[in-house]
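Protein sequences, first through last, are from chains V and P.
Numbers 1 to 574, taken from the numbering used here, label the letters of the first sequence in order.
Numbers 575 to 812, taken from the numbering used here, label the letters of the second sequence in order.
The hints are simulated quantities; they were obtained by calculation from the structure and are not laboratory data.
The C-beta atom is built at its ideal place from N, Cα and C for all residues, glycine as well.
Errors might be hidden in some of the hints.
Which chain V residues face chain P? A few, computed with CB under 7 Å, are given here [said to hold, decoys possible]:
#  : residue
1  : V103
2  : G193
3  : G194
4  : Y230
5  : R231
6  : L311
7  : L349
8  : Y352
9  : K353
10 : A402
11 : D476
Here is how the chains run, residue by residue.
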Amino acid sequence: MKARLARGLKGSVMPEGNDSARLLDPRHPSAPRPEGMRRYPEAEAVDMLVVGCGAGGATLAQRLARRGWRVVVLEAGPFWDPDRDWVSDEAGSRNLYWTEPRVIGGNDPVELGKNNSGRGVGGSMVHFAGFAPRFHPSDFEVRSRDGVAADWPISYEELRPPYERIEHELPVAGEHWPWGDPHGYPHSPHPVGGGALRMIEGAERCGIEMRVGPVAIANGSFGNRPHCIYRGLCLQGCKVGAKGSPLVTHVPDALAHGIEIRAECMATRVEVDETGRAVGVTYFHEGEEHFQAAAAVAVAGYSIETPRLLLHSTSSRFPNGLANGNDLVGRGVMVQGAPQVAGRFPEELRMYKAPPPEICSEQFYETDEERGFARGFSIQTVGPLPIGWAEHVLADGHWGQALREYMRDYNHWYVIGALNELLPRAENRVTLAEETDSNGMPVARMDYSQCDNDRANIAFGKERMREVVRAAGAQDVLEIDRYAHLVGGCPMSETPESGVVDSDQRVWEVPNLFVADGSVMPTQGSANPALTIMALASRLAERLALKRSGEPAARRPRRLRRGSRPAPTGVDAG
Amino acid sequence: MSGDPGHLPNLGGTEPGGPPARLPRQRCGTTPQMRGRYPDYDVLAETSHWDEPTRRVVLDRVERVPPIRFFDEAEAATLGAFCDVVLAQDSEPRVPVLAMVDEKLFDRRGEGYRHSDMPSDQDTWREVARMLDAAAAKAGAESFAAAEREAQLRIVGRFAEGELPWEGCPVDKAWGVAMRDVLSAFYSHPWAWNEIGFGGPAYPRGYARLGPGQREHWESPPEFDLDPVRDISERGLE
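Isolated chain V (complex conformation) (with noise of 0.2 Å):
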């Protein structure tokens, strides 16, 4: 209690068990070296091998690590190195996306890369916008609520202490926040520019309630990571290092417990035994095929490379792929209705000045009956700099002097998005094309089509957009449809026949399997998915050492073949 408030006093208060801000080299924030970093020989079984290195397998591999397990983790992109990586540019970040061959299909087909794909250390968070709102009570239980989609196997009330605790991890700056379970933040709101000043504006004369945040960057140092610069390039990775990603927030402190990570690692199959334990990945470096034995697995590559990986991973056991008996890997995959509002003012506001994301409202983030569709939406600041704003322009219809006419007048516009609740569909679903990667492992295609609900969601949200920024006082409005986020696609289920994964994201048919990311979610709500990650991450963590006997394994190595198998840990929830 009295450190509690010493620490307060001298301000940022810093987390528990999680020392990474205070771990980075102050003179490269922005990331930690992995130079010294431990080593594990392939062949011996780490207690857990983690496989992705993003928001959830990170948050996971740090909190194991600090109980003394031996993790890997397997990342498919690099370790980065952000003084050096990434560029305080627009074009020049692509390296920062999965930008390898994928098929997108469906009638709405969702153009993924830069848009919500990420690949490296730190995952998609590396590039995210910074939003980092909690999900509400309601989104675990839309099927009893409104007759849509599925309920969750667990409450919101199980997902509180981790969202709490990951909020003063990342830490999460923003106004006390009046929507779902209400909740403060532990930094104070940022300042905001002129653009998200005019939306407020706007928003109150039509009687919506808009708050500053939440995101995560710090308001202020913290630890080692100093302050935000407001440069506004957030999506293109922070090199400053104030924005929240798990390169700064949990992989230096899961690299002083142990942990290593192995970057420019694809992993292409899970290995299982004749009794259908997981043993262990095969994974491709630098063109060679190698296998790292493990006592226990988690998949971490979020909701296209983790179905791909299972479904890869097929057995004379498993012929369709590992936990896919149910024919249920990939689908229900989901993506959020993001559809874009631009204002024109007359004054100048440059929108690619300050964090693009600002303001937010959930004011519709329930189901009103009276809208005609179920759930709803969030409406949020967007900030798009020169090449999404041209995006955006070309999407309303304009190019040749048009273009060139809206684009002259950049520093006048500012934009608002919504984030819609698009509901889970059988039919939208991740399956592996015949096209090859330069590993000769299929790649994934993605299906995806809308129902008519998702529809009237998108076209009340963009007509409660366009209501904001005429009381603003626009003078011309231009718009975009599109997506944003990815989740779904091994969700979590009541009963091995519903879903993938148990409440614990353990695979229904593998004992030693987990999944921990955001595929997991059988809905997605209105928020940005990036804290509810890394929350249900931090609650499987807990929930595996809980069920572990007794502590860490023996040290001593094994002597282990490819599919030969290990000893049992007593990793296995069941």
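With chain V fixed as given, assemble chain P onto it according to the hints.
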């Protein structure tokens, strides 16, 4: 000043009679076609405030124009004309958009997705060239590049509306693929930033003046005094 939006296309300005009259000539640095809203602003005067990797990436776009290696000569002529039309680059200096697109295709830099009913981005671009030339031939021209400006505008207009006949794959998606690359090239170029008054890279300096109408000391005010009523009548658009 520029508070009046009458120059905007939705409100009756600009199209199709070229850029608004009275748009100032650039007095400082370079803009595409040397017109712009910020005649005394040159983002390249700020490079000493950028971090080195960023400075390299941005300056390379100006100083190191790649040769055409992916497209053949005829394709390059057709697609160069296409880039000029969709970006209204009607005179020098031009941002070398086709060279930037060519390099991307040559290096096989992907975007992370391909529509299931579309060929690769490389093949899509070649198809676009063929389709434009076929449309120009129908209009009696030797090629798209050789067609009259009016004919080029008509053909691109039909392309944008998804009305050009194209066997085998959806023309609207081809428009999307091509324009994504074109816009990404053009608006990554610092000359285009000068034209629109974009602050450009801002690390490690950052921004301090975020409010409405506020500028950093090194940002420059717009200069654009247009009476839309007079402009429209002067250009005979009524």
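**Report entry** Hinted contact L311 (chain V) with chain P - closest CB pair below 7 Å
**Finding:** 17 Å, violated
Query - Satisfaction of the G193 (chain V) interface hint, Cβ to chain P closer than 7 Å - result: 4 Å, holds
Query raised in the report: If you take the shortest Cβ to Cβ gap from L349 (chain V) to chain P, is it below 7 Å?
Result: 6 Å, holds
Query - Supplied contact hint for Y230 (chain V), tested at 7 Å Cβ to chain P - result: 5 Å, holds
Query raised in the report: Do the numbers back the hint for R231 (chain V), that is, is its least Cβ distance to chain P under 7 Å?
Result: Check passed: Cβ of R231 (chain V) comes within 4 Å of chain P, closer than 7 Å.
Query raised in the report: Can the hint on Y352 (chain V) be confirmed by a CB-to-CB distance to chain P that is less than 7 Å?
Result: Y352 (chain V) check passes; min Cβ-Cβ to chain P is 6 Å, inside 7 Å.
Query raised in the report: Was the hint right that A402 (chain V) lines chain P, CB cutoff 7 Å?
Result: Hint holds; A402 (chain V) Cβ to chain P Cβ min 4 Å, cut 7 Å.
Requested in this report: Answer holds if the nearest beta-carbon of chain P is closer than 7 Å to that of G194 (chain V); otherwise answer violated.
Outcome: Since the shortest Cβ distance to chain P is 3 Å, the answer is holds.
Report task. Answer holds if the nearest beta-carbon of chain P is closer than 7 Å to that of V103 (chain V); otherwise answer violated. Result -> OK, holds: V103 (chain V) within 7 Å of chain P, min 5 Å.
Query - Interface hint status, D476 (chain V) versus chain P (Cβ within 7 Å) - result: OK, holds: D476 (chain V) within 7 Å of chain P, min 5 Å.
Report task. Report holds or violated for the interface hint on K353 (chain V), using the least CB-CB distance to chain P and a cut-off of 7 Å. Result -> 4 Å, holds
Figure legend: structure checked against the earlier numbered hints; the only hint not met is number 6.
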